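Enquirer: Those sequence lines, one after another, are chains A and B.
Its first residue numbered 1, the first sequence is counted upward by one per residue in the numbering used here.
Its first residue numbered 1, the second sequence is counted upward by one per residue in the numbering used here.
Hints should not be assumed to be uniformly reliable.
Within a straight-line C-alpha distance of at most 27 Å, the following computed DSSO-like cross-link-like pairs (lysine-lysine) qualify [said to hold, decoys possible]:
#, chain 1, residue 1, chain 2, residue 2
1, A, K162, A, K141
2, A, K519, B, K193
3, A, K143, A, K120
4, B, K193, A, K248
5, A, K174, A, K89
6, A, K174, A, K162
7, A, K268, A, K92
8, A, K268, B, K378
9, B, K127, B, K258
10, A, K120, A, K92
11, B, K127, A, K226
12, B, K107, A, K268
13, A, K248, B, K244
14, B, K193, B, K244
15, A, K519, B, K127
16, B, K2, B, K127
17, A, K120, A, K206
18, A, K334, B, K85
19, A, K145, A, K162
20, A, K174, A, K95
21, A, K206, A, K334
22, A, K162, A, K126
23, B, K78, A, K268
24, A, K145, A, K120
25, B, K258, B, K244
26, B, K2, B, K18
27, B, K85, B, K72
28, B, K65, B, K258
29, A, K226, B, K258
30, A, K92, A, K143
31, B, K378, A, K334
32, A, K141, A, K120
33, B, K258, B, K72
34, B, K107, A, K334
35, B, K258, B, K78
36, A, K248, B, K127
37, A, K268, A, K334
38, A, K143, A, K89
39, A, K141, A, K126
40, A, K385, B, K107
I should point out that these hints are in silico values taken from the structure, not numbers from a laboratory.
Since this is a predicted model, take the numbers as computed values, not measurements.
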Amino acid sequence: MDLACYPNKTTFKTLKLASTSTSSSSIFVFPSLHKTKTLTIHSHKFPFPRLTKALSTSPTAVQTSPATTNNILQDQGGKPQWKASIDFKWIKDNKETVATNIKNRNSDADLEHILHLYDKLFILQKEVERVRGERNVVAKKMKGKLEPSERQTLIEQGKNLKEGLVALEEDLLKLNDELQREAQCIPNMTHPDVPIGGEDCSTIRKTVGSAPKFSFPVKDHLQLGKELDLFDFDAAAEVSGSKFYYLKNEAVLLEMALLNWTLSEVMKRGFTPLTTPEIVRSSVVEKCGFQPRANNTQVYSIDNSDQCLIGTAEIPVGGLHMDSILAESTLPLKYVAFSHCFRTEAGAAGTATRGLYRVHQFSKIEMFIFCRPEESDYYHDELIKIEEDMFSSLGLHFKTLDMASEDLGAPAYRKFDVEAWMPGLERFGEISSASNCTDYQSRRLGIRYRPSEALVPGPKKSKGNLAPPQFVHTLNATACAVPRMIICLLENYQQEDGSVLIPEPLRPFMGGRNIITRKSS
Amino acid sequence: MKGKLEPSERQTLIEQGKNLKEGLVALEEDLLKLNDELQREAQCIPNMTHPDVPIGGEDCSTIRKTVGSAPKFSFPVKDHLQLGKELDLFDFDAAAEVSGSKFYYLKNEAVLLEMALLNWTLSEVMKRGFTPLTTPEIVRSSVVEKCGFQPRANNTQVYSIDNSDQCLIGTAEIPVGGLHMDSILAESTLPLKYVAFSHCFRTEAGAAGTATRGLYRVHQFSKIEMFIFCRPEESDYYHDELIKIEEDMFSSLGLHFKTLDMASEDLGAPAYRKFDVEAWMPGLERFGEISSASNCTDYQSRRLGIRYRPSEALVPGPKKSKGNLAPPQFVHTLNATACAVPRMIICLLENYQQEDGSVLIPEPLRPFMGGRNIITRKSS
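Chain A with its partners taken away, still in its complex shape (with noise of 0.2 Å):
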């Protein structure tokens, strides 16, 4: 029978609730720094001085200007420069509480520096702008009636006043550069019901089902895949490198079904479907908040040019508004992404890697949510309930975490990470993870919108009496990352045959299959 229909209403049953139990090891999406995972996007730390801008005194939006592609980069050139618009007075006014969050998470940007640099371009600005002053007067004079003595004085006075101005403006270049480079470290804040700590501190805010019982020895998705001939992890290893695989035989129908399933269960959800590019420039995967330069870095960079491999189709989508001005009435914009996602994965070793549970490529589905700041913390639970919703569909028994502040990596405000059960692995394993992002990305590719509020009531709506652009807020959570599912799926359902059942939902996508079994030969 054929591969049945994807996003087909009529096939949709509610599955009964399967139950399992618990245990952690945390790999994902999102940079941490804890010592024993191995994830190593290190996502503070931008290595490039940023344009500059004057700076603005709203307390709430700080300009942006147009993204410049000249190109300033030391090693290879081809690379734009670009600059995040961070709230510096923002920062001033709350400095105690920035300087704890910095200390919660764990980072290492330096905000007495960083403020001190503020300091100094004001003063700077100033003194550039009372040079300039001078400079004026000196040429208005110059426009009068004049004995050539006292001209002659003026002109060396301007030549003068224009050798310092232009000396005054370098330094201001660069104190902008360097304030940027510096600045840009500081990571989000941080929700007040964050838990602050370490990994061991992160807190369950819900478990759904329990481990199943087994009356045979459990094998792992390995030895299930073996038997079952669904990987070849060895041709791979020659083929490509280690941490490659092809999927054969049903692995890849349920990859499919995987797919097709969830792209259906989230449109149903008003999410706009979406293919990405999987190439992107570097300066884009920056402004996310990766990074791409890092020794051992996630990300993989293509030769001879400014591009990278994507980590994850957050990348790609949190592009697609760059440098915008989003209508208010558009908001929010909701979008679930399929790409195939690749990480190099540098700099982790041990147990936590083998099989499927970490590789350099996998397919993904990815949730993005751009919103008004007031509705980031609603879509969030809204995001977080559709990851529970499906996973619990497909009978998995797993745990939702609330990340603790060492944890969060740079961008995240906020991030649950769902943990499965995996009985072959006998602990559990991360298989998603949503954060709100807040302001954070969003200040870095330039994405605002513009309410449509009249600041001034009265019949009619001008430019005038309309509020300026607001930042909008940003959010993405994993809705399959099929390697992971394929993990939970094989281990749990094995059957003392070494068969696999396929759960309910998931069988109309496998052309009504609803197992898996051994291959006569």
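Fit chain B to the supplied structure of chain A, relying on the hints for placement.
Expert: Frame of chain A; chain B shown alone:
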């Protein structure tokens, strides 16, 4: 020198030995260099050519088969870019900012169309006995070369990964060929027939001109590829089987197309014979290639080191032993595009457009699109 010798005799021998040794080292170095040079040069020799292949340039390619006819439209025909814009199916502009030109996002029903094409194609080809696979998309550059591509040439089609000997694949043909590299297969397992789904990445360096608009020429796309490993005497047969599968599928989708027997100058080094299918694209007002089926005979297998052990005894007798089995032979390999998604999307949008700007979905794909039979404009 092992015998009993006078000291002076021994000394002479020692010197002779030393001279001979130095001479040998030099000769062996020369041998190595010569072997390397021979390999390098010889690898440039293209595969032999099937006797029926027309000799000459691309205008000498002959038409093997024509299916269907161009649809007649009673209204001005739009191209896929315009249809995509009106139906909110693609975004090339945002992709140009995020990634560069020739990148794109698919949106809304275009995503469903891609999934439907992939699901349906996999299903159709599996029905014909092919084993489904997904493959690595990063591979060692040596494997790329062994398949007959040139990652290091100027204007190469191949993306390389920084600080590494790895590349991105331009087609699943590469990792599938590599699946059995340096192996001896049992004859009883042949033919091995795979249908592989992967994303493909191509630099399209040097590609310019009108044949590059929209989805026609892009850096990244999804493709389903068929690949066969077989015994030499069967490769012509499987070449015919592969092109028939393609023709059946494209007919089912209602496309108007012609199958070409590509001329000798257009084969590319690995192919002994190559059939291309070009489908009518009304918006582009011409035929555009949607698939290619090549019989590479033993060109790739000699480089990838893929052989099989024939199971008949050389010397007739009651017992098969290693002594009287024929030595391993190189297999033949074939590859054929089952579905290159962007080209198929162009065909479907342009051929099935309606006067009101909507697009009908061909019947075979409807079950894979949740029963949808049409793509219409979104109400705002």
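Enquirer: So, for every hint listed, does it hold in this structure?
Expert: Hint-by-hint comparison with the structure:
The straight-line distance between the Cα atoms of K162(A) and K141(A) is roughly 15 Å, inside the 27 Å bound, and the hint therefore holds. Restraint check: the Cα-Cα separation between K519(A) and K193(B) comes to about 16 Å, which is no more than 27 Å; the hinted pair holds. Annotation: proposed proximity of K143(A) to K120(A) is violated, straight-line Cα distance about 35 Å (limit 27 Å). The suggested pairing of K193(B) with K248(A) holds, with an alpha-carbon distance near 12 Å, which does not exceed 27 Å.
As the CA atoms of K174(A) and K89(A) are separated by approximately 20 Å, the hinted pair is consistent with the 27 Å bound. With a C-alpha separation of about 18 Å, the suggested pair K174(A) and K162(A) falls inside the 27 Å cut-off, and the hint holds. For the hint linking K268(A) to K92(A), the alpha-carbon distance of about 44 Å lies beyond 27 Å, and the restraint is violated. Under the criterion of a C-alpha separation no larger than 27 Å, the hint pairing K268(A) with K378(B) is consistent with the structure, at around 16 Å.
The straight-line distance between the Cα atoms of K127(B) and K258(B) is roughly 24 Å, inside the 27 Å bound, and the hint therefore holds. Note on K120(A) and K92(A): the hinted pairing holds, with a Cα-Cα distance of about 13 Å set against a maximum of 27 Å. Restraint check for K127(B) and K226(A): the C-alpha separation of about 24 Å stays at or below 27 Å, so the hint holds. Taking the CA atoms of K107(B) and K268(A), the gap is near 15 Å; set against the 27 Å cutoff, the hint holds.
For the given pair, K248(A) sits about 24 Å from K244(B) by alpha-carbon distance, which is consistent with the 27 Å threshold. About 15 Å separates the Cα atoms of K193(B) and K244(B), which keeps this hinted pair within 27 Å; it holds. A threshold of 27 Å between alpha carbons decides the hint, and for K519(A) with K127(B) the separation of about 16 Å falls inside it, so the pair holds. Among the hinted pairs, K2(B) with K127(B) is inconsistent with the structure: their alpha-carbon atoms are about 72 Å apart, more than 27 Å.
Of the supplied pair hints, the one linking K120(A) and K206(A) is violated, its CA atoms being roughly 49 Å apart against a limit of 27 Å. Distance check on the hinted pair: K334(A) and K85(B) sit about 20 Å apart at the alpha-carbon level, within 27 Å; holds. Distance hint between K145(A) and K162(A) is fulfilled; the C-alpha atoms sit about 22 Å from each other, no more than 27 Å. As the CA atoms of K174(A) and K95(A) are separated by approximately 24 Å, the hinted pair is consistent with the 27 Å bound.
For the given pair, K206(A) sits about 25 Å from K334(A) by alpha-carbon distance, which is consistent with the 27 Å threshold. Between K162(A) and K126(A) the CA atoms are separated by roughly 16 Å; this keeps the pair inside 27 Å, and the hint holds. With a C-alpha separation of about 31 Å, the suggested pairing of K78(B) with K268(A) is violated against the 27 Å cut-off. For the given pair, K145(A) sits about 40 Å from K120(A) by alpha-carbon distance, which is inconsistent with the 27 Å threshold.
At most 27 Å may separate the alpha-carbon atoms for a hinted pair to count; K258(B) and K244(B) meet this at roughly 12 Å. The straight-line distance between the Cα atoms of K2(B) and K18(B) is roughly 16 Å, inside the 27 Å bound, and the hint therefore holds. For the hint pairing K85(B) with K72(B), the CA-to-CA distance comes to about 23 Å; that is within 27 Å, so the pair holds. Distance check on the hinted pair: K65(B) and K258(B) sit about 6 Å apart at the alpha-carbon level, within 27 Å; holds.
Simply put, K226(A) and K258(B) have alpha-carbon atoms about 43 Å apart, too far for the 27 Å limit, and the pair is violated. A hinted pair counts as satisfied when its Cα atoms are at most 27 Å apart, and K92(A) with K143(A) does not qualify at roughly 44 Å. The hinted pair formed by K378(B) and K334(A) meets the criterion: a straight-line CA distance of about 16 Å does not exceed 27 Å. Restraint check: the Cα-Cα separation between K141(A) and K120(A) comes to about 32 Å, which exceeds 27 Å; the hinted pair is violated.
Under the criterion of a C-alpha separation no larger than 27 Å, the hint pairing K258(B) with K72(B) is consistent with the structure, at around 18 Å. Of the pairs offered as hints, the one joining K107(B) and K334(A) holds, with about 12 Å between alpha carbons and a cut-off of 27 Å not exceeded. Proposed proximity of K258(B) and K78(B) is supported: the alpha carbons are some 22 Å apart, at most 27 Å. Of the pairs offered as hints, the one joining K248(A) and K127(B) holds, with about 15 Å between alpha carbons and a cut-off of 27 Å not exceeded.
Restraint check: the Cα-Cα separation between K268(A) and K334(A) comes to about 12 Å, which is no more than 27 Å; the hinted pair holds. A C-alpha spacing of about 40 Å is found between K143(A) and K89(A), which places the hinted pair above 27 Å, so the restraint is violated. Distance check on the hinted pair: K141(A) and K126(A) sit about 23 Å apart at the alpha-carbon level, within 27 Å; holds. A distance of roughly 24 Å separates the Cα atoms of K385(A) and K107(B); the hinted pair therefore holds under the 27 Å criterion.
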